[in-house]
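Engineer: Spelled out from the first residue to the last, the chains are:
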Amino acid sequence: MDNGRVFLRGAGAIFRNGVLFRNPVLVGALGLYPVAAAGFGMQNAAALSILFVFLALPSQLLLCLVGMLIPKWARPAAVLLVTAAFYLPAARAVQRLLPGSMESLGMAAALMACNSILYSRAEEYAPEHIFLAVGADALGCSAGFAAVICLVSALREFWLTGGVWSSGTPGSGIGAGLDLPFAGFLLAGLLAALVQWINIRRADRDPREV
Amino acid sequence: MNLRNAAPPFVRAEPTSASMLRTVLFALCALLVIPTVRYGIRPLTMAGVSVLTCLVCEILANLLRTGGFSVTDPSFAVTGLVLALLMPLNAPLWLPCASGAFAVLVAKAPFGSFGRNPFNPAAAGAAFAALCWPGLMFTYFDPSEPFRLPAFADCTFRTGVSAAATLKNGLKPDILPLDMLWGEAAGPLGTGAALVVGACALLLLFSRAAHWQAPVCFLAVCALLAALFPRIACSPLTSVKYELLSGSLLFGGVFLVSDPVPAPYTASGKGIYGAFAGAALMAFRHFGVCEQGAWFAVLLANAASPLIDRAVFRVRGWEEKPHG
Amino acid sequence: MMFAALLAVTAENLLFSGGLGFSRALRAARRPASAGVYALFVTFFSLCSALAGNWLAPRLSGSPWVLYPAALTAAAGVFYLAAAGLLRALAAGFYDRHARILAQAAANTVVLAVPFVQRMLRFSLAETVGYALGTGAAFFLAVLVLEEAMRVCSNPDMPRAFLGLPGVLVYVGILSMAFAGFFGKVF
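Protein chains in written order, with our numbering: chain A, 474 to 683; chain B, 98 to 421; chain C, 59 to 245.
Source of the hints: derived by calculation from the structure; they are not laboratory data. Here the structure is a predicted model, which is why all the values come from computation and not from measurement. In this text, a Cβ means the ideal position worked out from N, Cα and C, and glycines have one as well. Some hints here could point you the wrong way.
To be verified - Away from chain A, derived, C-beta distances all over 12 Å, residues of chain B: (1) 229; (2) 230; (3) 384.
Stated by the list, open to error - What follows is a list of derived Cβ distance ranges for each label pair: (4) A:647 / B:303: 57 to 63 Å; (5) C:182 / B:326: 46 to 52 Å; (6) B:114 / C:146: 53 to 59 Å; (7) B:411 / C:212: 51 to 57 Å; (8) C:118 / A:670: 43 to 49 Å; (9) A:624 / C:118: 47 to 53 Å; (10) A:677 / B:256: 55 to 61 Å; (11) C:140 / A:577: 56 to 62 Å; (12) A:569 / B:232: 54 to 60 Å.
As the list claims (entries may be wrong) - Heads up, incomplete: computed chain B residues facing chain C, CB under 8 Å, no partners named: (13) 156; (14) 157; (15) 160; (16) 164; (17) 165; (18) 169; (19) 171; (20) 191; (21) 195; (22) 204; (23) 216; (24) 303; (25) 305; (26) 309; (27) 327.
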């Protein structure tokens, strides 16, 4: 029972790190393409977030189980083949949940199969950690990615249309231009500064926390 | 006046950053005179709100960084004035404010105090405005209309087509190059009076507030490319005249390209930097989406500046900057 | 072909106009000594990806739309296996030194985006090859720029919250505005 609680607490810490303190986008500088180039509307953000979790969770869990059986030099290829295979049902599931989203995302959705967060966690983390930790990490990174892309998209969509989730009208927002990648980079930079400030405060309070 | 006896040699004091900024401010204020005489006090109110916004943002940034209110250098005023002069006079007053806030809070404050910004803040602010509100940035009132703009309120007006927009469409502007010397064409507030901009350039160069290499190479490359690749069917000389006098090319060469903070360290590096900015600007004019590309070209050149420094150091066999 | 290569570096720059491959370019900038080799690998895999896209597109034209991206990703895995296997057999020392970046180059979004760009801009095969070569050059340039950005963003005058990655993201955002001045929204 004690061991179970320790494991769960550890898994909780891994999940929290993935969402905020070690956010893969804002701290790890991974997965910036969808945030910068496609994260300008909440529907895009929702579709990419769901696609990410449907890709990340099964890929990482599978590689956790079989990763150590694959020679290290061949693991990158295995990751790509696994994510390619899981892309098919994941994309179909997203299309069913949010009809039309995959077509409107175009290349952004297609390239999620080789998303750098996904690749990095599946290749480096999953094969060398226990099942619970990998699951917590996959969910944490998914939540972290979703939080960033949804927040950035909400701000950009509000600027462009005056509303979020298609409640606004194109052209009736504050201005144009924020659907360009520069806005994604700038907003990600400001959010990354916020997370870094939080981590600095935590480190100043108690270095053991970080 | 107190006179001090000093022994020869009589050596002029090196310019300080404060003296350079004061000279630049003086030059920028000089560009407001003709528009104010022609169109009323709106140029002054535009410049005033822009500078005020930059000051408030500078104070806010200092508060967040150091907890103090003090602003120790007048660079915010330079940024505010440059932004106001790059806007159309008929633009709403919140436009230079929004650009000024972006320039100080995004392009300057995150990188530290004055002298640490890798990009020219005014160029970044103008680029932001051009991308977010292109309609407001590139719509000009017709200066041939006898029209005094209100000091603060927005206004309706007959629009005029700028020479830069006409050239972008591959047509020859109606206005003669000679008439463009005094700012009588539709265009941004402070970039039209080429003679005044030229006088400001001479002031900056002779007072050593700016180094000559970057602006001279910038203008030379722009002129060369305008002569070799004209956008309109005309003689090379006519193409050069129209390209140099239209848009914010001249203004950009004098006030943006000559900014010493993001520019390279060495003289030859400054020359290469100016030439690169000139080539980038002409590329933007030929292939870009906007009728004006001076601020985009300056941003590209700012990013290339450390690479130019590194290349020059390598050629000269220096490990790092000679003064550390 | 030269024009397509030039496009890859300038107006259609995948990294600064679209944000593709940025994470990898940033990692490469932390080890600038291997930037050249990284860019070579990116060029090689971009070429492979472009040729794979050219081969797969007509064959999958009647198939469900999800198949094309999945097939391209799988092809990238196969290309990596072949490249790694060959290097291990023929140049083991070189492979040991650069194994990490070989894998990252193969799984790079900028590499897998090349077939999509090819379709979007309707490139011929020669233009596609030129674009792939230009992508490698663009990646190398991006690494150089990011290396300088990281140096700028480590100065002690910066607010602590912006030191490092946050400052670099703001830096790249401002630079990306300049690229937006070329063609506006591209990808």
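Engineer: Confirm or reject each hint.
Structural biologist: Cross-check of the supplied hints:
no. : hint                      : verdict
1   : 229                       : violated, 4 Å
2   : 230                       : violated, 5 Å
3   : 384                       : holds, 17 Å
4   : A:647 / B:303: 57 to 63 Å : violated, 44 Å
5   : C:182 / B:326: 46 to 52 Å : violated, 26 Å
6   : B:114 / C:146: 53 to 59 Å : holds, 57 Å
7   : B:411 / C:212: 51 to 57 Å : violated, 21 Å
8   : C:118 / A:670: 43 to 49 Å : holds, 48 Å
9   : A:624 / C:118: 47 to 53 Å : violated, 36 Å
10  : A:677 / B:256: 55 to 61 Å : holds, 56 Å
11  : C:140 / A:577: 56 to 62 Å : violated, 35 Å
12  : A:569 / B:232: 54 to 60 Å : violated, 40 Å
13  : 156                       : violated, 15 Å
14  : 157                       : violated, 12 Å
15  : 160                       : violated, 12 Å
16  : 164                       : violated, 12 Å
17  : 165                       : violated, 14 Å
18  : 169                       : violated, 13 Å
19  : 171                       : violated, 19 Å
20  : 191                       : violated, 20 Å
21  : 195                       : violated, 14 Å
22  : 204                       : holds, 6 Å
23  : 216                       : holds, 5 Å
24  : 303                       : violated, 32 Å
25  : 305                       : violated, 26 Å
26  : 309                       : violated, 25 Å
27  : 327                       : violated, 21 Å
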